[in-house]
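Peer 1: Residues per chain are reported as follows:
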Amino acid sequence: SWTPSRKHQRTSGPVEVTVRDALNQAMDEELERDERVFLMGEEVAQYDGAYKVSRGLWKKYGDKRIIDTPISEMGFAGIAVGAAMAGLRPICEFMTFNFSMQAIDQVINSAAKTYYMSAGLQPVPIVFRGPNGASAGVAAQHSQCFAAWYAHCPGLKVVSPWNSEDAKGLLKSAIRDDNPVVFLENELMYGVPFEMSEDSQSKDFTIPIGKAKIERQGNHVTLVSHSRFVGHCLDAAAVLAKEGIECEVINLRTIRPMDVESIETSVMKTNHLVTVEGGWPQFGVGAEICARVMEGSAFNFLDAPVTRVTGVDIPMPYAKILEDHSLPQVKDIIFSVKKTLNV
Amino acid sequence: MKTMLTVISNALCRITGKNVGAQTVPEGARVAVTRNFADFTPQVTFDIKKCDLHRLEAGPPVKAELTREQGLQYYRTMQMVRRVELKADQLYKQKIIRGFCHLYDGQEACAAGIEAAISPSDHLITAYRAHGYTYTRGVSIRQILAELTGRKGGVAKGKGGSMHMYAPHFYGGNGIVGAQVPLGAGIALACQYRGNNQVCVTLYGDGAANQGQLFETFNMAALWKLPCVFICENNKYGMGTAVERAAASTDYYKRGDFIPGLRVDGMDVLSVREATRFAADHCRAGKGPIVMELQTYRYHGHSMSDPGVSYRTREEIQEVRSKSDPISLLRERMLSNNMASAEEFKEMDVEIRKEVDDAAQFATSDPEPPLEDLCNHVFSNNPPLDVRGTHPWSKLKSVS
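Keeping their order, the protein sequence lines are chains A and B.
When we follow the working numbering, the leftmost residue of the first sequence carries the number 1, and every step to the right adds one.
When we follow the working numbering, the leftmost residue of the second sequence carries the number 344, and every step to the right adds one.
Honestly, the hints are just simulated from the structure, not real lab data.
Even glycine gets a Cβ: it sits at the ideal position worked out from N, Cα and C.
Don't take each hint at face value.
Claimed, not checked - Here are the simulated lysine-lysine pairs, DSS-like style, with alpha carbons at most 27 Å apart:
hint: 1; chain 1: B; residue 1: Lys393; chain 2: B; residue 2: Lys579
hint: 2; chain 1: A; residue 1: Lys64; chain 2: B; residue 2: Lys579
hint: 3; chain 1: B; residue 1: Lys630; chain 2: B; residue 2: Lys406
hint: 4; chain 1: B; residue 1: Lys393; chain 2: B; residue 2: Lys406
hint: 5; chain 1: B; residue 1: Lys738; chain 2: A; residue 2: Lys331
hint: 6; chain 1: B; residue 1: Lys666; chain 2: B; residue 2: Lys689
hint: 7; chain 1: B; residue 1: Lys740; chain 2: A; residue 2: Lys339
hint: 8; chain 1: A; residue 1: Lys331; chain 2: B; residue 2: Lys495
hint: 9; chain 1: B; residue 1: Lys738; chain 2: A; residue 2: Lys338
hint: 10; chain 1: A; residue 1: Lys320; chain 2: B; residue 2: Lys495
hint: 11; chain 1: A; residue 1: Lys59; chain 2: A; residue 2: Lys203
hint: 12; chain 1: B; residue 1: Lys436; chain 2: A; residue 2: Lys320
hint: 13; chain 1: A; residue 1: Lys331; chain 2: B; residue 2: Lys438
hint: 14; chain 1: A; residue 1: Lys269; chain 2: A; residue 2: Lys331
hint: 15; chain 1: A; residue 1: Lys320; chain 2: B; residue 2: Lys438
hint: 16; chain 1: B; residue 1: Lys740; chain 2: A; residue 2: Lys320
hint: 17; chain 1: A; residue 1: Lys338; chain 2: B; residue 2: Lys740
hint: 18; chain 1: A; residue 1: Lys269; chain 2: A; residue 2: Lys211
hint: 19; chain 1: A; residue 1: Lys338; chain 2: A; residue 2: Lys242
hint: 20; chain 1: A; residue 1: Lys203; chain 2: A; residue 2: Lys213
hint: 21; chain 1: B; residue 1: Lys579; chain 2: A; residue 2: Lys52
hint: 22; chain 1: A; residue 1: Lys203; chain 2: A; residue 2: Lys60
hint: 23; chain 1: B; residue 1: Lys740; chain 2: A; residue 2: Lys331
hint: 24; chain 1: B; residue 1: Lys738; chain 2: A; residue 2: Lys339
hint: 25; chain 1: A; residue 1: Lys203; chain 2: A; residue 2: Lys64
Said to hold, decoys possible - Label-pair restraints from in silico Cβ distances:
hint: 26; chain 1: B; residue 1: Glu408; chain 2: A; residue 2: Val192; range: 58 to 64 Å
hint: 27; chain 1: B; residue 1: Arg588; chain 2: A; residue 2: Leu88; range: 18 to 24 Å
hint: 28; chain 1: A; residue 1: Arg55; chain 2: B; residue 2: Lys740; range: 42 to 48 Å
hint: 29; chain 1: B; residue 1: Val721; chain 2: A; residue 2: Leu121; range: 41 to 47 Å
hint: 30; chain 1: B; residue 1: Asp624; chain 2: A; residue 2: Asp34; range: 57 to 63 Å
hint: 31; chain 1: A; residue 1: Gly62; chain 2: B; residue 2: Glu715; range: 54 to 60 Å
hint: 32; chain 1: A; residue 1: Lys59; chain 2: B; residue 2: Pro650; range: 15 to 21 Å
hint: 33; chain 1: B; residue 1: Pro650; chain 2: A; residue 2: Ala86; range: 36 to 42 Å
hint: 34; chain 1: B; residue 1: Asp600; chain 2: A; residue 2: Glu198; range: 56 to 62 Å
hint: 35; chain 1: A; residue 1: Gln217; chain 2: B; residue 2: Leu728; range: 40 to 46 Å
hint: 36; chain 1: B; residue 1: Arg657; chain 2: A; residue 2: Glu16; range: 33 to 39 Å
hint: 37; chain 1: B; residue 1: Ile439; chain 2: A; residue 2: Lys59; range: 32 to 38 Å
hint: 38; chain 1: B; residue 1: Lys495; chain 2: A; residue 2: Leu88; range: 49 to 55 Å
hint: 39; chain 1: B; residue 1: Lys495; chain 2: A; residue 2: Val239; range: 28 to 34 Å
I would like the entire structure built from these sequences, with the hints used as guidance.
Peer 2: Printed below as a string of C-alpha cells:
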C-alpha cells in the first residue's frame, strides 16, 4: 500500500504505515546508518523479498549489502554468524521460521552461546528475522510458532512485534544490539496499516528490547499477549467493555528477556490474568508467564488461577474450518475472561 | 484395503495402457475408449536424444519403442495432469483453494515418463510440486482436487492440503525443501533391508540441489549402495532465482560426485521413460544409487503467489510452450506416424475436461471435514487421548 515519501512527512503528524513498510524503513535506515549492516537470505534481493519486506533495498544498496542465497539455511545461517563474529552486523532472513529448524544449530550453538563460552571475548551481533507462526491455509509444516523454542535459550534475545511502531522500533533496536536477536514477524500482519506517531518516523526512533507496552488500561483483568493476538485481545476488550468488564491489555513486545514486572504490576491491580498466544500450550509463553507469576510478588494478588489461551495442541490442519478452530478466536478470549472472573 | 487395490489398479492401468475404469474404480470415471482401427500404426521406434553421462560407460538406449496403446495412455496421463493443474489455477483465483499451490504444468512428461518405467510396488517421493505425482501414483483426481479445496473427501481428509498428499508407496508431498531426499534414501534402505528388489525414486528440484542434506544423503546412499534413484527436476528456477545465481555448478547430474549420473530431456516422455528404466535397472542390479537430471520447465510461477515474470520473460515461457510442450511433442509424434487420429485426441481432450469438471464439482460441493476430526491422527495405534483446546475448559478428543 502507498505510504508518503520522506519529503512529505517533515511537517505532518501521524501517518498510516503497514507493518511491511515499517520493517522496510527500519532496515533501510539501519543500512544507511551503519555500513557493517547487511541483509542475507532467500529472494531478499532481486525478488524484493518473498513477502516484499525488503522491496527496493537491493536496487538502492546493491549486491554487497543485499545478498540472495541459495536454498541452504544451515549454510547461510552459519555464514551470517561467522560474518557477525568477524565484526559485521548481518540481518539473516529465514523465509519463514519453519525453515530455521534447518539452521537451528547455528542459531543456538554458534550464535547464542558464544559470548558466554568465550567469557566475553566474542560477541555475535546478528539478527535472525522472518515470519513466524500461522498464516492462512499453509498447513502443518509452515505454521509453527517458534517463540517458546527460541526463548528457552539463554544468550538469545527474542522479540515479537505486533504493530508498525513495534516493528520499526524493535527491528532498529535489534540491529543495533550487540547480541543475537531472533525477530519474529507475522505474515498476516505485514499488510495491516497502523498509525505511526510523528516521533516514530524519526531515523533515531527505537523501542527498547525487554519492555512491554500497555496497549489498553483496565481494572478487572490483565490480558497478556504478543504479535497478532494482541489485536485479538483488543477486540475482545472492546466487546467486554460493553458488559462493564475493563481489560488491561499488555503487548509483551519482547519474549526474552520478558518484562515480568509489567505483568506483575498489572496483576496486582486487576487480580486476574489471562495469557493469549498462537503457539502450542505445552512449555509455551503462557506456561512461562504462569510460572513467573507464581514465583513472584503478584501471586498473592490473584483471585483465580491464571488462564492460558493458546493454539490447539495439534499440528496445523489445512481445511479452513479446522484451521479456524486451531487458533484462539476472539470469542475464546472473551469466554476465558469471563470464566476467570467467574461471571 | 479396497481403496488401496483401486489405487494400485489405477496405477497399473496407466502403465500398461489398458483401459482405466475397470470395475474396481468406484466413482464412475469415464473409460478411455481406444478404437483399434486396422489402419493405425500399432508400434513405432523413435529416436531419442542421447543423454549426457557422468561416471557411466553406457547410458540408456537412443531408441524408444512406443505402442499405440502406450502413446494414448501417456497422452491421457499428461493431459489429465495438465487440466487438473489449470483447474487448480482457476479454483485458486476464485479463492476456493487457499494457502500454497505449486503447479506442475509444463513438467508432465517427467511424472508420466517415470511412472511408465517403474511399477506400483516401487516407491516414489517428491517435494511440494506434487499434484502430478499424486495422480500417477494412483490417487483419483476427485481426491486430489477435494484435498486442494480442503474437503473431507480429499485424500488426506482435508487436513494436509496441496503439499501433503499420500498414497501407498507414495510418500508425498513434502513442504520443506530438500527434506524429502534423506527420506527417499531411507525408503530405499527399507527396500534393501527387505531384499524385495524395489527401488525408491527420490525427486527434488534445482533449488533443493543446494541443500546440505542432499550431500549427506548422497554419501550414505553410495556407501551403503542404497537402491535410490535420485532425480533432479531442473526447471531452471528456484522460486525467483535462476540456476546460475544459486549454484556454482549447474550440472546437477554431476552433483552426486562419486555417484554416476545422467542428464535427460525432461520434455520428452519417452526419454524420461528410457532413462528411468535404465536408472532403476542400475539400482536393482545392486550397483548403488544413481542421479538423473531432468531438464524441464514450469509454465506457472513458483506458486500461485508468484506471477513468474519478474525473473524470466514472457517470450521465454511462450517459446517453451510452442517448441517443447511435452503433450504437443507426443501428439505430433503419434500423428505424423499415423499412430492415432486428430479426432481421437480431440475426443480424449473433451473426455478429460469433463472428468476434471466433474471432479471439480465434487471438490467444491463436498463438505468440509467435521470438527470432530480436528484432533484425530496425532498418534498412530494409540488409545484415545485428550487434547487441550484453545483454553483449559476446551477438552477435545483424539483417536488414532
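Peer 1: Next, verify each hint and record whether it holds.
Peer 2: Right, here's what the structure says about each hint:
The straight-line distance between the Cα atoms of B:Lys393 and B:Lys579 is roughly 20 Å, inside the 27 Å bound, and the hint therefore holds. Under the criterion of a C-alpha separation no larger than 27 Å, the hint pairing A:Lys64 with B:Lys579 is consistent with the structure, at around 24 Å. As the CA atoms of B:Lys630 and B:Lys406 are separated by approximately 24 Å, the hinted pair is consistent with the 27 Å bound. Between the alpha carbons of B:Lys393 and B:Lys406 the distance comes to roughly 9 Å, so the proposed pair stays at or under 27 Å and holds.
The suggested pairing of B:Lys738 with A:Lys331 holds, with an alpha-carbon distance near 16 Å, which does not exceed 27 Å. Proximity of B:Lys666 to B:Lys689 is assessed by CA-CA distance (about 20 Å); at most 27 Å being required, the pair is judged to hold. In summary, the hint linking B:Lys740 to A:Lys339 is supported, as the alpha carbons are separated by about 22 Å, within the 27 Å threshold. For a cut-off of 27 Å, the pair hint linking A:Lys331 to B:Lys495 stands: about 26 Å separates their Cα positions.
Restraint check for B:Lys738 and A:Lys338: satisfied, since their Cα atoms lie roughly 18 Å apart, inside the 27 Å limit. Restraint check for A:Lys320 and B:Lys495: satisfied, since their Cα atoms lie roughly 11 Å apart, inside the 27 Å limit. Restraint check for A:Lys59 and A:Lys203: satisfied, since their Cα atoms lie roughly 20 Å apart, inside the 27 Å limit. With a CA separation close to 16 Å, the supplied pair B:Lys436 and A:Lys320 stays within the 27 Å bound.
Restraint check for A:Lys331 and B:Lys438: satisfied, since their Cα atoms lie roughly 26 Å apart, inside the 27 Å limit. Restraint check for A:Lys269 and A:Lys331: the C-alpha separation of about 24 Å stays at or below 27 Å, so the hint holds. Simply put, A:Lys320 and B:Lys438 have alpha-carbon atoms about 12 Å apart, close enough for the 27 Å limit, and the pair holds. For the given pair, B:Lys740 sits about 20 Å from A:Lys320 by alpha-carbon distance, which is consistent with the 27 Å threshold.
Our distance criterion of 27 Å between C-alpha atoms is met by A:Lys338 and B:Lys740, whose separation comes to about 24 Å. For the suggested pair A:Lys269 and A:Lys211, the alpha carbons sit about 19 Å apart, so the restraint of at most 27 Å is met. Distance restraint check for A:Lys338 and A:Lys242: the Cα-Cα separation of roughly 13 Å lies within the 27 Å cut-off, and the hinted pair is therefore satisfied. For the given pair, A:Lys203 sits about 21 Å from A:Lys213 by alpha-carbon distance, which is consistent with the 27 Å threshold.
Simply put, B:Lys579 and A:Lys52 have alpha-carbon atoms about 22 Å apart, close enough for the 27 Å limit, and the pair holds. Of the supplied pair hints, the one linking A:Lys203 and A:Lys60 holds, its CA atoms being roughly 17 Å apart against a limit of 27 Å. Restraint check for B:Lys740 and A:Lys331: satisfied, since their Cα atoms lie roughly 21 Å apart, inside the 27 Å limit. Proximity of B:Lys738 to A:Lys339 is assessed by CA-CA distance (about 15 Å); at most 27 Å being required, the pair is judged to hold.
Restraint check for A:Lys203 and A:Lys64: the C-alpha separation of about 23 Å stays at or below 27 Å, so the hint holds. Between B:Glu408 and A:Val192 the CB atoms are about 60 Å apart, so this pair conforms to the stated range of 58 to 64 Å. Separated by about 22 Å at the C-beta atoms, B:Arg588 and A:Leu88 satisfy the suggested range of 18 to 24 Å. For A:Arg55 paired with B:Lys740, a C-beta distance near 46 Å keeps the hint of 42 to 48 Å intact.
Against the hinted window of 41 to 47 Å, the Cβ-Cβ separation of B:Val721 and A:Leu121 comes to about 46 Å, which satisfies the hint. Checking the proposed 57 to 63 Å range against B:Asp624 and A:Asp34 shows it holds: the Cβ atoms sit about 59 Å from each other. Evaluation of the 54 to 60 Å hint for A:Gly62 and B:Glu715 yields a pass: the beta carbon distance comes to about 56 Å. As the Cβ distance of A:Lys59 to B:Pro650 is approximately 19 Å, the hint placing it in 15 to 21 Å holds.
Distance hint for B:Pro650 and A:Ala86: a CB-CB separation of about 39 Å, consistent with the stated range 36 to 42 Å. Distance hint check for B:Asp600 and A:Glu198: the Cβ-Cβ separation is about 59 Å, which falls inside the suggested range of 56 to 62 Å. For A:Gln217 and B:Leu728, the hinted distance range of 40 to 46 Å is satisfied, since their beta carbons lie about 41 Å from each other. Separation of B:Arg657 from A:Glu16 is about 35 Å and conforms to the stated range, judged on CB atoms against 33 to 39 Å.
Checked against the given bound of 32 to 38 Å, the beta carbons of B:Ile439 and A:Lys59, roughly 36 Å apart, stay inside it. Hint check: B:Lys495 to A:Leu88, Cβ distance near 52 Å, so the stated range 49 to 55 Å holds. Taking 28 to 34 Å as the suggested C-beta distance range, the pair B:Lys495 and A:Val239 conforms, at roughly 33 Å.
Violated hints for the displayed structure: none, as all numbered hints are satisfied.
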